[in-house]
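Chemist: My request is simple: use the sequences and hints to build the entire structure.
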Amino acid sequence: MAMPEWLRRRRSKHENGEEAGTWTKCPKCQEVIYRKDLVENLSVCPRCHYHFRMHAFDRISLIVDNDFAEVGGDILPGDPLEWIDKKSYPQKLAADREKSQLTEGVICGFGTLAGFPIALGVMDFNFRGGTMGTVVGERITILLESARERRLPCIIFTASGGARMEEGMLALMQMAKITSAVTRFMEDGNLFVTVLTDPTTGGVSASFAFQSDVVVAEAKAMIGFAGRRVIEQTIRQKLPENFQTAEFLLEKGHVDMVVERAEMKPALARILDYSLGGHEVAS
Amino acid sequence: MNVIVEREKGLLELEKRIAELRTLNANQPVDLSAEIAALQGKYAQIQREVFGAMSPWQRVNMARHPSRPVAGDYLAALDRFDELHGDRHYRDDPAVIGGFAKLDGRRIMAVGQQRGRDTKENLRRNFGMVTPEGYRKVKRLVLLAVRLGLPVVTFVDTKGADPGIGSEERAQSEAIASCLYAFCSARVPIVATIVGEGGSGGALALAIADRVIMLEHSVYSVASPEGCAAILWGDAGKAEEAASRLKLTSEDLHAFGIIDEIVPEPLGGAHRDAAGLIAATLQRVAVALDGLRALTSSRLLEERYRKYRRIGAWQGRNRETLSAVR
Numbered sequence: 058m059a060m061p062e063w064l065r066r067r068r069s070k071h072e073n074g075e076e077a078g079t080w081t082k083c084p085k086c087q088e089v090i091y092r093k094d095l096v097e098n099l100s101v102c103p104r105c106h107y108h109f110r111m112h113a114f115d116r117i118s119l120i121v122d123n124d125f126a127e128v129g130g131d132i133l134p135g136d137p138l139e140w141i142d143k144k145s146y147p148q149k150l151a152a153d154r155e156k157s158q159l160t161e162g163v164i165c166g167f168g169t170l171a172g173f174p175i176a177l178g179v180m181d182f183n184f185r186g187g188t189m190g191t192v193v194g195e196r197i198t199i200l201l202e203s204a205r206e207r208r209l210p211c212i213i214f215t216a217s218g219g220a221r222m223e224e225g226m227l228a229l230m231q232m233a234k235i236t237s238a239v240t241r242f243m244e245d246g247n248l249f250v251t252v253l254t255d256p257t258t259g260g261v262s263a264s265f266a267f268q269s270d271v272v273v274a275e276a277k278a279m280i281g282f283a284g285r286r287v288i289e290q291t292i293r294q295k296l297p298e299n300f301q302t303a304e305f306l307l308e309k310g311h312v313d314m315v316v317e318r319a320e321m322k323p324a325l326a327r328i329l330d331y332s333l334g335g336h337e338v339a340s
Numbered sequence: 189m190n191v192i193v194e195r196e197k198g199l200l201e202l203e204k205r206i207a208e209l210r211t212l213n214a215n216q217p218v219d220l221s222a223e224i225a226a227l228q229g230k231y232a233q234i235q236r237e238v239f240g241a242m243s244p245w246q247r248v249n250m251a252r253h254p255s256r257p258v259a260g261d262y263l264a265a266l267d268r269f270d271e272l273h274g275d276r277h278y279r280d281d282p283a284v285i286g287g288f289a290k291l292d293g294r295r296i297m298a299v300g301q302q303r304g305r306d307t308k309e310n311l312r313r314n315f316g317m318v319t320p321e322g323y324r325k326v327k328r329l330v331l332l333a334v335r336l337g338l339p340v341v342t343f344v345d346t347k348g349a350d351p352g353i354g355s356e357e358r359a360q361s362e363a364i365a366s367c368l369y370a371f372c373s374a375r376v377p378i379v380a381t382i383v384g385e386g387g388s389g390g391a392l393a394l395a396i397a398d399r400v401i402m403l404e405h406s407v408y409s410v411a412s413p414e415g416c417a418a419i420l421w422g423d424a425g426k427a428e429e430a431a432s433r434l435k436l437t438s439e440d441l442h443a444f445g446i447i448d449e450i451v452p453e454p455l456g457g458a459h460r461d462a463a464g465l466i467a468a469t470l471q472r473v474a475v476a477l478d479g480l481r482a483l484t485s486s487r488l489l490e491e492r493y494r495k496y497r498r499i500g501a502w503q504g505r506n507r508e509t510l511s512a513v514r
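Chains as they are written, first to last, in our numbering: chain A, 58 to 340; chain B, 189 to 514.
Some clues are possibly wrong.
Sample of chain B residues lacking proximity to chain A, with all beta carbon distances greater than 10 Å (derived) [what the hints assert, rightly or not]: (1) Val-191; (2) Glu-201; (3) Ile-224; (4) Arg-252; (5) Tyr-369; (6) Arg-492; (7) Arg-497; (8) Ile-499.
Straight-line C-alpha distance at most 20 Å; calculated SDA-like pairs for lysine to any residue [as the list claims (entries may be wrong)]: (9) A:Lys-82 - A:Arg-110; (10) B:Lys-230 - B:Leu-202; (11) B:Lys-426 - A:Val-287; (12) A:Lys-295 - B:Ile-353; (13) A:Lys-309 - B:Leu-202; (14) A:Lys-82 - A:Asn-183.
Just some of the chain A residues that point at chain B, by a computed CB distance under 10 Å [said to hold, decoys possible]: (15) Cys-105; (16) Asp-142; (17) Thr-198; (18) Glu-224; (19) Ala-238; (20) Gln-268; (21) Gln-301.
Hints are computed from structural coordinates only; laboratory data are not their basis.
Think of the CB as a built atom: it goes at the ideal place given N, C-alpha and C, for glycine as much as any other residue.
Modeler: This is the structure we're talking about:
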């Protein structure tokens, strides 16, 4: 399997295209960084180690060896509630498609990681804040179902503001739908790994993100159920700086490990190795 | 300020007047029955105007009505209820009550989200907002029910899961996620009833079920109208508009195939005849349980899987347009 053309194109846009020559500022330490240097450093600030939010295409390129076959890419959003607030839902979708070059908030498919065949899902905050609507639900469900059929480990990178309000209760129900698929996948003895990236909140963190066998958190990621603003409004005081960070969650015992972006692929490869097992259970 | 409570004030005044006139009529020779009939006619007319066709926002307020029956009222109406406490780790969450119960002789595990009936009780019960310990208690009771082969019956009524610092520190996400997992994989029938407000993931954690029943004026929503308005309009004052867009009424959700049946409420809301409404609701639960009893556990799980599997509204290029809309 070759790396699909769209993935190669997307990667080169950062590396050689119009974006490569520009400057960008680290939102945490205000360091001004040459875009090309930032990309070479895997979008991690060289000064403060802030992990910039990563585009799904770049993430896939970073994780798979050099192959990726997408599944569920033909599933596209409808407008079941005929939603309108300041803009209509179809207008918002069109704007996000343009801005992100994505068709929805998650890309799912099959590839290999350090030689291990895997099912891989990558959510992207650039599309509707990574919110989970019915397309995200359907694509992830298809991924888990086909991974179960093929008896492959499944890794999902999460980045989400929660359930997508523009799809109302149909969106909330995706928590139930994906959980159903997770139970079948896991009960068949398959390994499920989630990697929580910045930010992972709401209906995604309160469902499959924390249902996996191994919960990995990317360094510095913000992870929680309620958003920081909601909590501050409720308790009417400022929260400590490290509250809801990956490091805070590790200390509290909520995640198995915190991994820097540069170490992510080798760390996942080490976990995948154990999924091969050792002891043959007599049946 | 609850818009339903406000509108009820005029009706309560009229009710008092009618009662006064009746007493007067019985104790003196002047015949007031014409006046009484006129007032009763006016009362009925106002009642129809106020409650005949309620807007989604009025439904939200009805679902939050301080006199609306709470989960504990349904549990108290069962033949027997033996409460079990605590999550075995940290504490007993008063926002969830649950335990062994009997419904017309059927042995069940009953669980409900309990908001308070007054300010004092609301403070103790955290306004029905469940903390991680509450969800862990529910999960424990569901696993126990599975071991003993008891069907699970839930009563859902919460603004949402508790969003406090303590809940974050004690892994609210994981608690809800595990609860969802337990409901999806439970090899016993589950019947859920939305009796008040079904607020987001905090409500769903008790509402994955083979049969979902909803009271006519209950609401069930991806986010509170206030929260949705704050995020999408940048103005919490747009809650009424958000409520009208979110499709959170029982009729909307029935059309989407998200709930299975609706229990009609008396004109003026559940609290106008709480005992009758609770009896009717429990009757529906009993019928639903009997309908599920014949299924083997693998068939039950398969049908539950399919039920949630098909919920969505997307378009596929290489497949027919799929939709859960009935």
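Chemist: Each hint: holds or not?
Modeler: Structure-based check of each hint:
1. Val-191: Holds, since 22 Å exceeds 10 Å.
2. Glu-201: holds, 37 Å
3. Ile-224: Non-interface label stands for B:Ile-224: nearest chain A Cβ at 46 Å, farther than 10 Å.
4. Arg-252: Consistent with the label, B:Arg-252 stays out of reach of chain A, its closest Cβ about 18 Å off (over 10 Å).
5. Tyr-369: violated, 5 Å
6. Arg-492: Not fine: 7 Å to the nearest Cβ puts B:Arg-492 too close to chain A.
7. Arg-497: Violated, since 6 Å does not exceed 10 Å.
8. Ile-499: violated, 4 Å
9. A:Lys-82 - A:Arg-110: Within the cut-off at roughly 13 Å; holds.
10. B:Lys-230 - B:Leu-202: Holds, at about 9 Å.
11. B:Lys-426 - A:Val-287: Since the Cα atoms of B:Lys-426 and A:Val-287 sit roughly 17 Å apart, the hinted pair holds (cutoff 20 Å).
12. A:Lys-295 - B:Ile-353: holds, 11 Å
13. A:Lys-309 - B:Leu-202: Violated, at about 58 Å.
14. A:Lys-82 - A:Asn-183: holds, 18 Å
15. Cys-105: Violated. Min distance 24 Å.
16. Asp-142: Since the shortest Cβ distance to chain B is 4 Å, the answer is holds.
17. Thr-198: holds, 7 Å
18. Glu-224: At 7 Å from the nearest chain B Cβ, A:Glu-224 passes the 10 Å test, so the hint holds.
19. Ala-238: holds, 8 Å
20. Gln-268: At 5 Å from the nearest chain B Cβ, A:Gln-268 passes the 10 Å test, so the hint holds.
21. Gln-301: Because about 6 Å separates A:Gln-301 from the closest Cβ in chain B, which is inside the 10 Å limit, the hint holds.
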